[in-house]
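Taken in order, these protein sequences are the chains called A and B. In terms of my numbering, the first sequence has 61 at position 61, counting the first letter as 1, and numbering is strictly consecutive. In terms of my numbering, the second sequence has 184 at position 72, counting the first letter as 1, and numbering is strictly consecutive.
Careful, some of the hints might be misleading.
[What the hints assert, rightly or not] Computed beta-carbon distance windows for the label pairs:
| hint | chain 1 | residue 1 | chain 2 | residue 2 | range |
| --- | --- | --- | --- | --- | --- |
| 1 | B | Pro222 | A | Glu56 | 25 to 35 Å |
| 2 | B | Thr117 | A | Lys18 | 37 to 47 Å |
| 3 | A | Glu72 | B | Asn169 | 20 to 30 Å |
| 4 | A | Glu79 | B | Thr142 | 17 to 27 Å |
[Unchecked claim] Stretches of chain A that chain B covers, calculated by requiring three or more beta carbons in the stretch to come under 8 Å of a beta carbon on chain B:
| hint | region |
| --- | --- |
| 5 | 41-50 |
| 6 | 101-111 |
To be clear, the hints were calculated from the coordinates, so they are not data collected in a lab. Heads up, the beta-carbon is just placed ideally off N, CA and C, and yes, glycines get one too.
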Amino acid sequence: DVKVTQSSRYLVKRTGEKVFLECVQDMDHENMFWYRQDPGLGLRLIYFSYDVKMKEKGDIPEGYSVSREKKERFSLILESASTNQTSMYLCASSVENRGEQFFGPGTRLTVL
Amino acid sequence: DAKTTQPNSMESNEEEPVHLPCNHSTISGTDYIHWYRQLPSQGPEYVIHGLTSNVNNRMASLAIAEDRKSSTLILHRATLRDAAVYYCILKETSGSRLTFGEGTQLTVNP
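Isolated chain B, as found in the complex (with noise of 0.2 Å):
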């Protein structure tokens, strides 16, 4: 499986844009970028996923290189609900499965 690279951590304040990076530069042509995130004592919830063109949805805008070997998530203005892990996961056009790395822990700064 290609595997993602993101920092352990973030700070953000509230209300500013935050942009979270991914690395994945042994992406191959039919993988998806996925993007969940875990708040505290909770399961993941999904946020945004896309293939090759930038993606907007109420939650989140995600920006993929035009090499697709990185990708940013962006929470256009971050909240104190924001904090959580966000998880950058490729996954295969066919299947299923979806393989969590350690993620990005958020802190958003009031």
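For reference, chain A alone in the conformation it holds in the complex (with noise of 0.2 Å):
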């Protein structure tokens, strides 16, 4: 079974803290994904890996940034956290041009 793991599934931390969000999925999947999910505003992208180093913005990139240094790990990092970050952070990942994303169980990143 393809697994997808997230550092932590709660994690609380304070304005202007700098935060680091690790993903790691064991099936060799090319592309991964971050997302954050908001009451009402369901799921959005906020950026996206097809490749080793390579980066794409999703929808909402503003406040994040992403690294990709090995195939398996994607990690999602809040430069200088603020209180509008505060939401559930899911991670993804699917074969290169296959519809099929797996994801991960989420971080709730509280922002104090």
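Take each chain as given, in its own frame, and dock them per the hints.
This is how it looks when you write it as structure tokens:
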């Protein structure tokens, strides 16, 4: 079975802190994605990557950056966390040009 | 991106079939129709997808209208574990992005 793991289920940070959210997949997938999910807004794509060291902006990249140094790992970085980044963050991966995305369990981030 | 329209919520009884509708009147000829579901406190999971023909798998069936402007996800016998938000998504043939809408909250009554 494909497994996508995220470093934390729950995280509490303070405004202005640098935050790293880690995602690892074990199926050698080319594509990896970061979403955030908020009530009433659904899932929104922040960034995605289709290869190592490659990244593309999604619909809401402002305030975020990403890093993909190895194929299996995709990191989401909040350079200076703000309260409006309090959200559920979901990572996903997929095989190149295949529709099925496999999601991790999510990280619920609270920024105080 | 072509959009989909789904009812906000639906209810079903356990062990009865459930038909979840989705309208996508602006679908293009190369868009695939994907369905995902999200159980409480979990990430979304893939259910099924199709292009023109009806599709079946172990989880569900997908019925696609002949003009492709609508589709229906069919759960043949709903269980309590099927209570989730179901998302109908159009995906372009090329590219890997999915755009999630609000989905349909399915409640299954015992």
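- Message: Does the beta carbon distance between Glu72/A and Asn169/B stay inside 20 to 30 Å, or does it fall outside?
- Response: holds, 27 Å
- Message: I want to verify a distance hint. Is the separation of the beta carbons of Thr117/B and Lys18/A within 37 to 47 Å?
- Response: Taking Cβ atoms as reference, Thr117/B and Lys18/A lie about 40 Å apart, which means the hint holds.
- Task: Could you tell me whether the CB distance from Glu79/A to Thr142/B stays inside 17 to 27 Å?
- Result: Taking Cβ atoms as reference, Glu79/A and Thr142/B lie about 38 Å apart, which means the hint is violated.
- Task: Check, residue by residue, whether the region 101-111 of chain A contains three or more positions whose beta-carbon lies closer than 8 Å to a beta-carbon of chain B, and give the verdict.
- Result: holds (count 6)
- Coverage of the region 41-50 of chain A by chain B, judged on three or more residues with CB within 8 Å: holds (count 6)
- Query: Between Pro222/B and Glu56/A, does the C-beta distance stay in 25 to 35 Å?
  - Reply: violated, 45 Å
In the structure shown, a violation is registered for the earlier hints numbered 1, 4, in ascending order.
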